[in-house]
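Chain residues, written in single-letter form:
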Amino acid sequence: MRLGVLFSGGKDSTLALHKAAEKAEAVCLITLVSENKESYMFHTPNIDVTALQAEALGLPLIRKVTEGKPEEELKDLDAAITQAINGFKIEGVVSGTVESVYQAARIQQICNRLGVWCVNPLWKRNQKALLEETVAEGFKTVISGVFAYPLDKKWLGKQIDEALIQKLVSLSEEYGLSPSGEGGEIETTVLDAPLFKKKIEILDSEVEAQGNSGVFRIKQARLTEK
Amino acid sequence: MILVVDMNSTENPFGFHEFVLPIVSIAEELEKCTVKHYLEVNETSLNGYDNIILSGSALKDTVTFDQTKRFMWLKDCGKPVLGICAGMQTIGLVFGGRVEKCREIGMIDIATFKENILFSSTLKVYALHNYALLPSAEFNVLAESANCVYAIKHKQKEVYGVLFHPEVRNIEIVKKFIRAFQVDRRI
Numbered sequence: 000m001r002l003g004v005l006f007s008g009g010k011d012s013t014l015a016l017h018k019a020a021e022k023a024e025a026v027c028l029i030t031l032v033s034e035n036k037e038s039y040m041f042h043t044p045n046i047d048v049t050a051l052q053a054e055a056l057g058l059p060l061i062r063k064v065t066e067g068k069p070e071e072e073l074k075d076l077d078a079a080i081t082q083a084i085n086g087f088k089i090e091g092v093v094s095g096t097v098e099s100v101y102q103a104a105r106i107q108q109i110c111n112r113l114g115v116w117c118v119n120p121l122w123k124r125n126q127k128a129l130l131e132e133t134v135a136e137g138f139k140t141v142i143s144g145v146f147a148y149p150l151d152k153k154w155l156g157k158q159i160d161e162a163l164i165q166k167l168v169s170l171s172e173e174y175g176l177s178p179s180g181e182g183g184e185i186e187t188t189v190l191d192a193p194l195f196k197k198k199i200e201i202l203d204s205e206v207e208a209q210g211n212s213g214v215f216r217i218k219q220a221r222l223t224e225k
Numbered sequence: 000m001i002l003v004v005d006m007n008s009t010e011n012p013f014g015f016h017e018f019v020l021p022i023v024s025i026a027e028e029l030e031k032c033t034v035k036h037y038l039e040v041n042e043t044s045l046n047g048y049d050n051i052i053l054s055g056s057a058l059k060d061t062v063t064f065d066q067t068k069r070f071m072w073l074k075d076c077g078k079p080v081l082g083i084c085a086g087m088q089t090i091g092l093v094f095g096g097r098v099e100k101c102r103e104i105g106m107i108d109i110a111t112f113k114e115n116i117l118f119s120s121t122l123k124v125y126a127l128h129n130y131a132l133l134p135s136a137e138f139n140v141l142a143e144s145a146n147c148v149y150a151i152k153h154k155q156k157e158v159y160g161v162l163f164h165p166e167v168r169n170i171e172i173v174k175k176f177i178r179a180f181q182v183d184r185r186i
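If you read the protein sequences in the order shown, they are chains A and B. To convert, note that position 57 of the first sequence is 56 in numbering that gives the first Met the number 0; the numbers rise steadily by one, no gaps. To convert, note that position 100 of the second sequence is 99 in numbering that gives the first Met the number 0; the numbers rise steadily by one, no gaps.
With the rest of the complex left out, here is chain B (with noise of 0.2 angstroms):
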């Protein structure tokens, strides 16, 4: 089971049609997945869930920025994570990084500089923020662009982030994380 978490803030109506609706069109090809919004979230309520996926959010919206407190079971939670858009700069603030400006929007080239388990060599991907992240020492980079970090994996856990949209251009990257911590409940 998957848990998808809306990262919208409530401000804005549209937010879960448009950047949480598209990752639950795809991971539900491969499990039942759960939508909750991130208020809704907490250590308690991961019982269940194999995987969590960060949705992204729209431009103006940097609700979760000021709010990594309530993403604190990001640290415990010992599940795999993969966090779009805003959900990677969010897993990146809890984690000690931080945010700066660096507008892209539109289809942008990116390297992979580190094997990973999402993706390899270099890809064409769908941008759309307004900040980047500076990610801890707590992880690898694993991609970037010309101007920025693009895909980041903590040293120790199996948190990964995302400042792209694989939900727009690049589904397999999504489907490859689902993949690769599917739980196996035949008996």
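This is chain A alone, in the form it adopts within the complex (with noise of 0.2 angstroms):
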């Protein structure tokens, strides 16, 4: 099975690549860069990076502006998945949603359209255990985007790891917070994982913070050896 795969950079469809990639054949990535930050469908901090995080893999990009309007975007999802059927012959799409039905229902109304299988890989399972399988998994992945409290610009560009992911599970249990993010609590953003020919080197960075909303921008990055 081709698949072309839904990545925003972060640990969820990096993660979703992965396990894609273990059963089939990920032929492409396709990212919808949203202007509207406040997007229930695409991600939004640092999504540039995803052009060097598919050089990083050695995967085509098929990269596509939106403006991000509810249920307008689906059409520019709709015209990018369309783009991978035709250019790069993908029989199916892989998206990194974990819980959202509202995600998931509407990335399925597309595929089902274009007549092609929709994969979920990470459908369902516990959060906890995802973010732990990219930390035992190698996965170097750094906090992007902050949204809800008690999180805040202390958050920004931090690296998951054990003992980060424990704060996380901690906050989640006393302030109904995702571990994962996966209510848009958190963005993150994959600077190597075990499919990464090559690994990010962050140049430049810089936070933007307000409160409990902040985002870890990179500014300038290359890829180095691993």
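A couple of the hints might just be wrong.
[What the hints assert, rightly or not] Pairs of lysine-lysine, BS3-like flavour, derived with a Cα cap of 30 angstroms:
(1) A:Lys153 / A:Lys127
(2) B:Lys175 / A:Lys127
(3) A:Lys68 / B:Lys123
(4) A:Lys18 / B:Lys174
(5) A:Lys225 / A:Lys196
(6) B:Lys35 / A:Lys18
(7) B:Lys59 / A:Lys68
(8) B:Lys123 / A:Lys74
(9) B:Lys154 / B:Lys100
(10) B:Lys31 / B:Lys152
(11) B:Lys123 / A:Lys127
(12) A:Lys218 / A:Lys198
(13) B:Lys174 / B:Lys78
[To be verified] Just some of the chain A residues that point at chain B, by a computed CB distance under 8 angstroms:
(14) Ala23
(15) Gln108
(16) Lys123
Calculated from the structure, these hints are not laboratory results. Idealized CB from N, CA, C, for every residue including glycine.
Two chains, two frames, some hints: make the complex.
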């Protein structure tokens, strides 16, 4: 099965790519760049890093800009998947959705209309276990966005390791956050993973934060040997 | 012991993770669980299981619709069975029903028409199907959406089917089915 992977560059889509590649052939990445920071469908911080990640993975990237208006953005996703079907002969689309029926249903609808498989390797998985799996598999992932109390700028740019997972789990129990940020509480950027042929080195970055909302923006980065 | 039957086509290597494992996670909170692919299941492989859950499958996957002969064990196994989505549709076909095109994807409102052990009143459920089941007269309809039948029970047997995916947003329904037929083996 030839697969196109919906790819935001965060831990979930990168882990979904790895799981898909174990059993089928991942042939391209599909990235929607949303101009709407509040988009429920497509994550925004460091979305431009996906070009570097695609190069590190050795996979072509279909990149499409969307205004990010609810439902309208689905037409842009439909167009991007259509481009992957025509250009790379994909037979299925991989998504890193874990819990969101909003996201899952919309991707399923588009895949169904276009006649391709919709593959969700992380669907309903335990969120703490998924975080731990990324660490155990050797992912180097940094927190690139926080969007919920009591998270703040101290978290931005931090690498996800066992200790950080424990803190996130404690907060999830106390404040009802989703530990893996499935509810949009945190966003992440993957700098290295097993399928990366090279790793990403951040040369310049900035933190932009106010209260419990902020982003860690990668301004300049390059690929280096692993 | 629960038997979860994987209803996914061998053409789709990902169906197990998406449609079977979430059921196993719920079931294992209550009972030990074994998974077998539907191609491995027959009359002789059901010994030792107290109840059976047939999983759903991907939207593109209707492989079991044409293989009802492989599921004839459903008629005489004498065990409680819950079919989910493709599982329900396959149960319905085995007992003489038919399927027709009906696409519903996302959260759907359904209403209960007949008292039963799994749910009551109205509820929101996660739907993911291209076909609805028109069950034979051997079944009572337990629930419907505005468009189609959503839950059935065989009139004489403890054989249930739900068109929606309770493992996604209604996990209590899976637990109620398991608890209703749990066998207490304590001495």
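Do the hints match the structure? See the list:
{"no.": "1", "hint": "A:Lys153 / A:Lys127", "in the structure": "holds, 21 angstroms"}
{"no.": "2", "hint": "B:Lys175 / A:Lys127", "in the structure": "holds, 26 angstroms"}
{"no.": "3", "hint": "A:Lys68 / B:Lys123", "in the structure": "holds, 26 angstroms"}
{"no.": "4", "hint": "A:Lys18 / B:Lys174", "in the structure": "holds, 29 angstroms"}
{"no.": "5", "hint": "A:Lys225 / A:Lys196", "in the structure": "holds, 7 angstroms"}
{"no.": "6", "hint": "B:Lys35 / A:Lys18", "in the structure": "holds, 22 angstroms"}
{"no.": "7", "hint": "B:Lys59 / A:Lys68", "in the structure": "holds, 28 angstroms"}
{"no.": "8", "hint": "B:Lys123 / A:Lys74", "in the structure": "holds, 27 angstroms"}
{"no.": "9", "hint": "B:Lys154 / B:Lys100", "in the structure": "holds, 25 angstroms"}
{"no.": "10", "hint": "B:Lys31 / B:Lys152", "in the structure": "holds, 25 angstroms"}
{"no.": "11", "hint": "B:Lys123 / A:Lys127", "in the structure": "holds, 27 angstroms"}
{"no.": "12", "hint": "A:Lys218 / A:Lys198", "in the structure": "holds, 16 angstroms"}
{"no.": "13", "hint": "B:Lys174 / B:Lys78", "in the structure": "holds, 17 angstroms"}
{"no.": "14", "hint": "Ala23", "in the structure": "holds, 6 angstroms"}
{"no.": "15", "hint": "Gln108", "in the structure": "holds, 5 angstroms"}
{"no.": "16", "hint": "Lys123", "in the structure": "holds, 4 angstroms"}
Violated hints are absent here; each numbered hint is respected by the structure.
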